[in-house]
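Student: Required output: the full structure, derived from the provided sequences and hints.
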Amino acid sequence: DVKVTQSSRYLVKRTGEKVFLECVQDMDHENMFWYRQDPGLGLRLIYFSYDVKMKEKGDIPEGYSVSREKKERFSLILESASTNQTSMYLCASEGYSYEQYFGPGTRLTVT
Amino acid sequence: AQKITQTQPGMFVQEKEAVTLDCTYDTSDQSYGLFWYKQPSSGEMIFLIYQGSYDEQNATEGRYSLNFQKARKSANLVISASQLGDSAMYFCAMRERLGAGNMLTFGGGTRLMVKP
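Protein sequence lines correspond, in order, to chains A and Z.
Residue 107 in the working numbering sits at position 107 of the first sequence, and the numbers go up by one each step.
Residue 40 in the working numbering sits at position 40 of the second sequence, and the numbers go up by one each step.
Among the clues, some could well be false.
[To be verified] Okay, derived cross-link-like pairs now, DSS-like style, lysine-lysine, Cα gap no bigger than 30 Å in a straight line: (1) LYS57(A) / LYS71(A); (2) LYS70(A) / LYS53(A); (3) LYS3(A) / LYS57(A); (4) LYS57(A) / LYS73(Z); (5) LYS3(Z) / LYS57(A); (6) LYS18(A) / LYS70(A); (7) LYS73(Z) / LYS16(Z); (8) LYS115(Z) / LYS16(Z); (9) LYS55(A) / LYS3(Z).
[What the hints assert, rightly or not] From the structure, some residues in chain A lie toward chain Z, with a derived Cβ separation under 7 Å: (10) LEU45; (11) SER97; (12) PRO104.
Everything labelled a hint here was simulated from the structure, so no lab data went into it.
These numbers come from a predicted model, not from an experiment.
The C-beta atom is built at its ideal place from N, Cα and C for all residues, glycine as well.
Tutor: Listed below in C-alpha cells is the structure:
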C-alpha cells in the first residue's frame, strides 16, 4: 500500500511565523502535490513537483514556497504566516495511473 | 466555466441500498482521466476508482463502479450495498491531457449520509 505521511495533524502558529509542512511518500513516485482545502472553495492546488528540485506553481502559490531536495519528501513553506492561510493542507503523491494518494492532512490555524 | 460539476451537495441513502453520486465534466481533450475520492470526517482523501477516457469498459472496484457516459460527459459513482462507513464527502476529479504534467481538477463534492 502507498503511504503518504505529513509531519503534523494539527498546528497552531502566530502571524508572521515561518511554517514548514512536510510530506513523505514511500512509493518512489515522481509527482507530488500540495493542496489547501477550505469550506465552499474545495481543493485548490498550491504547488506541485515532478522531480527532485523541480517545482511548478498551481492555482494559488502566493504566500507559499516549496522544496524538494529528495524524491520522497516535498515540503511546503509559509514564509510569513497570515490568518488567511488558516486551512487544511493536503499533500498527495501520484501513482503510475495518475491516481493521487493523499496524506492525512494538516489543520493549520494561524492566530 | 466549471470543469467538474457535482450537483448534489448532500444525499441520504438507507444502509444496504445502492446510491449514485453524479458528476459531469467539461473538456475538449481526447485523453483524460476521471477519478473519485472519498473524504471521511478524519480529513484524509482516499482514492476509490479511476476511468480513462479511452477505456471502453466501466471501471469497477469492489462495491464501487463508475458509470461512464462519454457522449454525455458524465462519470457517476455507484456504490452498491451502502454501509455506515460510507458516510463521507465524495469528490469527482479530472485530469486532462494525461501524461502532460497537468493538474487534477476537483468538483465541489457530495456529502453522503448512510442511514441505519
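Student: Each hint needs a verdict: does it hold in this structure or not?
Tutor: Hint-by-hint comparison with the structure:
For the hint pairing LYS57(A) with LYS71(A), the CA-to-CA distance comes to about 18 Å; that is within 30 Å, so the pair holds. This hinted pair checks out: LYS70(A) and LYS53(A) have alpha carbons roughly 8 Å apart, not beyond 30 Å. Distance check on the hinted pair: LYS3(A) and LYS57(A) sit about 24 Å apart at the alpha-carbon level, within 30 Å; holds. A C-alpha spacing of about 28 Å is found between LYS57(A) and LYS73(Z), which places the hinted pair at or below 30 Å, so the restraint holds.
Between the alpha carbons of LYS3(Z) and LYS57(A) the distance comes to roughly 19 Å, so the proposed pair stays at or under 30 Å and holds. Under the criterion of a C-alpha separation no larger than 30 Å, the hint pairing LYS18(A) with LYS70(A) is consistent with the structure, at around 21 Å. Annotation: proposed proximity of LYS73(Z) to LYS16(Z) holds, straight-line Cα distance about 29 Å (limit 30 Å). For the proposed pair LYS115(Z) and LYS16(Z), the alpha carbon gap of about 9 Å is at most 30 Å, so the pair holds.
For the hint pairing LYS55(A) with LYS3(Z), the CA-to-CA distance comes to about 24 Å; that is within 30 Å, so the pair holds. With its C-beta approaching chain Z no nearer than about 5 Å, LEU45(A) sits inside the 7 Å limit, and its interface hint holds. Using the Cβ-Cβ criterion of 7 Å, the hint placing SER97(A) at the interface with chain Z is satisfied: the shortest such distance is roughly 6 Å. The criterion of a C-beta within 7 Å of any C-beta in chain Z is met by PRO104(A), whose closest approach is roughly 5 Å, and the hint holds.
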